[in-house]
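**Student:** Given chain S, work out where chain G should sit, using these hints.
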Amino acid sequence: MNYKIPRVAVSNTGPLISALQSNCMNILLQLYDQIHIPADEIREYRKHGADQEIRNLIETGFIVVHRDFIPEENEAAMDIASEIANCLKTRDRNPENHLPEAFAIVLMLREDFQAIELLIDELAARDVARQRNVPFIGFPGILIRACWQRIIEPEDVLSALAECQRQGTHYSNKLINEIYESLKVSRKRL
Amino acid sequence: MIKKYSPHEPEEEVLSAADAFQDAENSEARWQAFERGERLRRLLVELPEPAFSKLEKLALRRGRTVSNLVEEVITGLVDTLVLPEEKA
Numbered sequence: 001m002n003y004k005i006p007r008v009a010v011s012n013t014g015p016l017i018s019a020l021q022s023n024c025m026n027i028l029l030q031l032y033d034q035i036h037i038p039a040d041e042i043r044e045y046r047k048h049g050a051d052q053e054i055r056n057l058i059e060t061g062f063i064v065v066h067r068d069f070i071p072e073e074n075e076a077a078m079d080i081a082s083e084i085a086n087c088l089k090t091r092d093r094n095p096e097n098h099l100p101e102a103f104a105i106v107l108m109l110r111e112d113f114q115a116i117e118l119l120i121d122e123l124a125a126r127d128v129a130r131q132r133n134v135p136f137i138g139f140p141g142i143l144i145r146a147c148w149q150r151i152i153e154p155e156d157v158l159s160a161l162a163e164c165q166r167q168g169t170h171y172s173n174k175l176i177n178e179i180y181e182s183l184k185v186s187r188k189r190l
Numbered sequence: 001m002i003k004k005y006s007p008h009e010p011e012e013e014v015l016s017a018a019d020a021f022q023d024a025e026n027s028e029a030r031w032q033a034f035e036r037g038e039r040l041r042r043l044l045v046e047l048p049e050p051a052f053s054k055l056e057k058l059a060l061r062r063g064r065t066v067s068n069l070v071e072e073v074i075t076g077l078v079d080t081l082v083l084p085e086e087k088a
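Taken in sequence, the protein lines are chains S and G.
For the first sequence, position 42 matches number 42 in our numbering, and the numbering has no gaps at all.
For the second sequence, position 35 matches number 35 in our numbering, and the numbering has no gaps at all.
Isolated chain G, as found in the complex:
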């Protein structure tokens, strides 16, 4: 049996179904970005020195974050190496 709890501010207006779906979509996008950042962070943690500090300097020079830079490099590598192989 579920324990009963008195409602919180039952006189206040709450959101519509459209708001709820918008909430869920925005939240999903936020958490996907969080997970993407987490994966990159784990990858960076594994990078041996001096690779990480070189990347850090390069990112600083370009006004980017290390994560952005690594994402770009990996995307470029996949485009160059993996995709042509798949086409062939």
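Same shape as in the complex, but just chain S:
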């Protein structure tokens, strides 16, 4: 018997869009065996022009879509979405718009579901996840891990984040430069 437990994560829309923007999906494919998403995210990928790419990843089995939420989980997601909408760190006060990340958090809270972490960038949703002890990582953190594991170089992290920024993702110059400089220094120490 030589089966391996898959390395599973749940993702919100943002990190997967960043991975597509920067052509870094191969990094996610190296770090994870499966990424689970709630069905509510599908319309967001469509909106971002990533429908076909996500569909291809679903066909390969890398992305697994959940539509199996029970009424109690739907209610929990509504509560979480309201909590995110009321958080000071968000500008979007409409809970409906926070349902995809709320369902992603609900997936992470399933007792029988063995996802190790939630991929999420937005501060408000991260705060709500933290309050529920849901472990998470953002897209820049994933790139940093990939760099530590020598899958990519600090320069690749710089160009990936810069490409996301060029396509409109809200990564500041300060964030990008600080990550790049720290990675260069830590690389020299190794």
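These aren't lab readings, by the way, just hints derived from the structure by calculation.
One should not assume that every hint holds.
As the list claims (entries may be wrong) - Below, a list of computed lysine-lysine pairs in the DSS-like style, where the Cα atoms sit at most 30 Å apart: (1) S:Lys174 to G:Lys4; (2) S:Lys4 to G:Lys57; (3) G:Lys4 to S:Lys47; (4) S:Lys4 to G:Lys54; (5) S:Lys47 to S:Lys174; (6) G:Lys4 to S:Lys184; (7) G:Lys3 to S:Lys47; (8) G:Lys3 to S:Lys184; (9) S:Lys89 to S:Lys174; (10) S:Lys174 to G:Lys3; (11) S:Lys47 to S:Lys89; (12) G:Lys4 to S:Lys89; (13) S:Lys174 to S:Lys184.
**Tutor:** Chain G in isolation, oriented as in the chain S frame:
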């Protein structure tokens, strides 16, 4: 040429560099624990009966998991057998 995708919620605040490094450190620790568990699990799968059920009963009595117990036993064995040999 890279295909362009419209950004996700560009008006929302995202994390700082310090957050990103903290994320990476926490994640690294989680995956190391996962890999450690995986190695132990593979070892346990290979254990012939009745060794596994004995370990299971012992772990239950002590309120521990089989993985914890095996990790402890192996660490003890390494301390007892391998380290003195290395010192000599």
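**Student:** Next step is simple, just say for each hint if it's right about the structure.
**Tutor:** Hints and how they fare:
Restraint check for Lys174 of chain S and Lys4 of chain G: satisfied, since their Cα atoms lie roughly 23 Å apart, inside the 30 Å limit. Under the criterion of a C-alpha separation no larger than 30 Å, the hint pairing Lys4 of chain S with Lys57 of chain G is consistent with the structure, at around 25 Å. Between Lys4 of chain G and Lys47 of chain S the CA atoms are separated by roughly 12 Å; this keeps the pair inside 30 Å, and the hint holds. Between Lys4 of chain S and Lys54 of chain G, the direct Cα distance comes to roughly 24 Å. Compliance with the 30 Å bound is thereby established for this hinted pair.
Proposed proximity of Lys47 of chain S and Lys174 of chain S is supported: the alpha carbons are some 28 Å apart, at most 30 Å. Distance hint between Lys4 of chain G and Lys184 of chain S is fulfilled; the C-alpha atoms sit about 28 Å from each other, no more than 30 Å. Of the pairs offered as hints, the one joining Lys3 of chain G and Lys47 of chain S holds, with about 15 Å between alpha carbons and a cut-off of 30 Å not exceeded. Among the hinted pairs, Lys3 of chain G with Lys184 of chain S is consistent with the structure: their alpha-carbon atoms are about 28 Å apart, no more than 30 Å.
A distance of roughly 19 Å separates the Cα atoms of Lys89 of chain S and Lys174 of chain S; the hinted pair therefore holds under the 30 Å criterion. Of the supplied pair hints, the one linking Lys174 of chain S and Lys3 of chain G holds, its CA atoms being roughly 25 Å apart against a limit of 30 Å. A C-alpha spacing of about 24 Å is found between Lys47 of chain S and Lys89 of chain S, which places the hinted pair at or below 30 Å, so the restraint holds. Our distance criterion of 30 Å between C-alpha atoms is met by Lys4 of chain G and Lys89 of chain S, whose separation comes to about 27 Å.
The hinted pair formed by Lys174 of chain S and Lys184 of chain S meets the criterion: a straight-line CA distance of about 15 Å does not exceed 30 Å.
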